[in-house]
Each structure stands twice: as C-alpha cells, then as structure tokens.
Amino acid sequence: MGLLDKEFSEGNIVISNVEDLFNWARLSSIWQLGFGLACCAIEMMATSMSHYDFDRFGVIPRNTPRQADAIIISGTVTLKMATRIKRLYEQMPDPKYIISMGSCANCGGPYWEHGYHVLKGIDRIIPVDVYVPGCPPRPEALLEGLLKLQEKIRNESLRKKSA
Amino acid sequence: MKNPEEIFNLLKEKFGDSILGIDKDTPTEAIISINPGQIHRVSKFLRENEELKFDSLMCLSGVDDANGEKIKEEDGSEIIKGGTLSVYYHLHSVDLKHKITLKVSTPREDPKVESVENIWKSANWHEREAFDLVGIVFLNHPDLRRILMPYDWDEFTEEISRHPLRKDYKNPEFYQGMKVPY
Numbered sequence: 000m001g002l003l004d005k006e007f008s009e010g011n012i013v014i015s016n017v018e019d020l021f022n023w024a025r026l027s028s029i030w031q032l033g034f035g036l037a038c039c040a041i042e043m044m045a046t047s048m049s050h051y052d053f054d055r056f057g058v059i060p061r062n063t064p065r066q067a068d069a070i071i072i073s074g075t076v077t078l079k080m081a082t083r084i085k086r087l088y089e090q091m092p093d094p095k096y097i098i099s100m101g102s103c104a105n106c107g108g109p110y111w112e113h114g115y116h117v118l119k120g121i122d123r124i125i126p127v128d129v130y131v132p133g134c135p136p137r138p139e140a141l142l143e144g145l146l147k148l149q150e151k152i153r154n155e156s157l158r159k160k161s162a
Numbered sequence: 000m001k002n003p004e005e006i007f008n009l010l011k012e013k014f015g016d017s018i019l020g021i022d023k024d025t026p027t028e029a030i031i032s033i034n035p036g037q038i039h040r041v042s043k044f045l046r047e048n049e050e051l052k053f054d055s056l057m058c059l060s061g062v063d064d065a066n067g068e069k070i071k072e073e074d075g076s077e078i079i080k081g082g083t084l085s086v087y088y089h090l091h092s093v094d095l096k097h098k099i100t101l102k103v104s105t106p107r108e109d110p111k112v113e114s115v116e117n118i119w120k121s122a123n124w125h126e127r128e129a130f131d132l133v134g135i136v137f138l139n140h141p142d143l144r145r146i147l148m149p150y151d152w153d154e155f156t157e158e159i160s161r162h163p164l165r166k167d168y169k170n171p172e173f174y175q176g177m178k179v180p181y
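Residue numbers (numbering that gives the first Met the number 0), protein chains in the order written: chain A, 0 to 162; chain B, 0 to 181.
Chain A extracted, bound-state conformation (with noise of 0.2 Å):
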C-alpha cells in the first residue's frame, strides 16, 4: 500500500504521499449513516453485532448525514422513501459512498413488475458505487461489499473524483 513502508530509524516519523494518506484514512473509517429500509436492514444489523463486528473495518452507524461517509441502502426503496433518500445524500459531504444492498436496491428485486410503489433500482436516483446482490445478502456478503468498496478507495486519486 505504500504508506507505512519508509519509517525514519526513531519510528515516529513515516513518510508517504497525500493520496496514499487520504485513501488509507477514508477507508480505514467509512462511518455509515445510521439508517434501514427492510429485512435487509435486519442483516446489516447483524453485520454491526458482535459476530461479525462492523466496527472492525471502522464502520460505526452515525445518526446524521452530515457526518456520514457512506450510505448502506439496506432494502426496498418506496417512491416515497426515494424522494428522502435523495435529500439524505444531497446532505452529506463529500467524498460520499453508496451501497446498494440487496435484490430491491438493486434492480427492484420481487417487486420489478407489480410493484406499483417501489423504485426499480437506488440507481435511479443516486449514483452506485457496490451493488451486493442476495435477498437479503448474508452479512458475509455485505462485509465482502464493504471490502470492495475499500477496495475502490484505495485506488482512489486526488485529481479525479472517483476511482
């Protein structure tokens, strides 16, 4: 990764590049707006609890946009809710993350034809950046989610927006 590796013989002084800085910090802390929609909302739940520890990516659920880094839409997006998850995201700064999990954040999921209220994919309204798919995914799964979207970070460059 290129950060750690030229330390000073006292150990307190390393030296890296801004970039390598910037994208260690964000993807070491993505701290997620503390939010749910469905049954997939209970699997991210899961994922924050002990078994299979959130926190240990430096996940933490934080309870306003403005202080948020990513979003998890954990489940069936309404048209109604997709009006508020739109002024969520406008709320929070940026750099600003998405993930989409889920069948229904999808593509809509069981609801694509008769589903006279739902949203037929989060991407409709708000840019992607992970798409997992299950319904609901495993925590597994959302934690594999997560990794990618780390993943993205780290390939990350000061000079274009987005990786």
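If you're looking for bench data, these hints aren't it; they were derived computationally from the structure.
Fair warning: this is a prediction, and the values are worked out from it, not measured in the lab.
Using N, Cα and C, we set each Cβ at its ideal position, and we do this for glycine too.
Below, a list of computed lysine-lysine pairs in the DSSO-like style, where the Cα atoms sit at most 30 Å apart:
1. A/Lys79 to B/Lys178
2. B/Lys52 to B/Lys102
3. A/Lys79 to B/Lys166
4. B/Lys23 to B/Lys69
5. B/Lys11 to B/Lys43
6. A/Lys147 to B/Lys178
7. B/Lys178 to A/Lys85
8. B/Lys120 to A/Lys79
9. B/Lys169 to A/Lys79
10. B/Lys69 to B/Lys169
11. A/Lys79 to B/Lys111
12. B/Lys102 to B/Lys169
13. B/Lys169 to A/Lys85
14. B/Lys13 to B/Lys43
15. A/Lys95 to B/Lys178
Just so you have them, the derived chain B footprint on chain A, three or more residues with Cβ under 8 Å:
16. 74 to 82
17. 109 to 115
Mind docking chain B on chain A? Use the hints.
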C-alpha cells in the same frame, strides 16, 4: 352469543329496508349487506345493543368488485365503467364471543360511504387505507388523507393511476421525475 341469523333478524327488525340481505355461504362469518348511507346508524346499534356488544372492529377492507362493464383500450388494457366498490367490516364481540361481517357496496363512479371512525377508533387508519388504495370516500372522516402512497401522488399522475388496488389501475410513467415501470 348469537348466530348470524339472529343478528340479521335483530337488524332487520330495527332498520328494515336498510338491511339488504345475508350471505351465509361463506368460509368464515356470514356477510350482512347494508345500505352505505345507513352504516353509521347500524354500527352504532351493533356496538351499543346489550345483546350484541360488538366492541371490536377487527378489520375494515376496501374491495374493487370489478363487476362493471369492461372496455378494451387500444393498447390491450381494460378499463371498468359502472359496477361497485365495496367495504367489508369484520366485527367481533370480546364480551359475547360472536363475530359478524358487514358489507356495503357503493357505485364506482361516486364511491361514498359513511365513516364509522367515531364508533370504532381502529377504523380511522383502515378507512384512510381504503381511501388511498381503492378510492372510497368516507363521509365525516376527521382526517381523510392518503396513508401509504405519497401525499402528492395525484399531482404527478393521471386519473387512472390514482388508486393502485383498483382492478383497472395503470402504473404512471413517472413520479417526481423518477421512472416507475421496470
């Protein structure tokens, strides 16, 4: 405890022509049909009468009977003209341990039913739901707003897309700039 026949006879005695009939050929409780303009009076009687004491409205549902004339549109879909929409009331007496179902039917083009909100408070949200999804207007309801669909649904949709559980409902193309169909 009273059987449906006895309840029907009691109502018939009291309200006469407002009680339209009884259907006993049902898998659960018998269904008594009532004039939509009289449902409030009948409900009040059912609740307050010492022999009936229906103190609980277990469920209230709006139903599209789809019994009108079906007209084919150019794109193959159907719209329904005429016929009725119905409301079903599932009542239960906790005290006397008997149950009954009431039904009122109202014309599709002008669906109006009296509210029973001030008799059973549980009717409040149930009636809002029937109004929201089937489009039945409950007279004298204190707060008849949509409960599930967005409050501004009407502003973005055509007449045929107002109430999603009508049988001839058509999904709108867009709501607030978001595409609705898959």
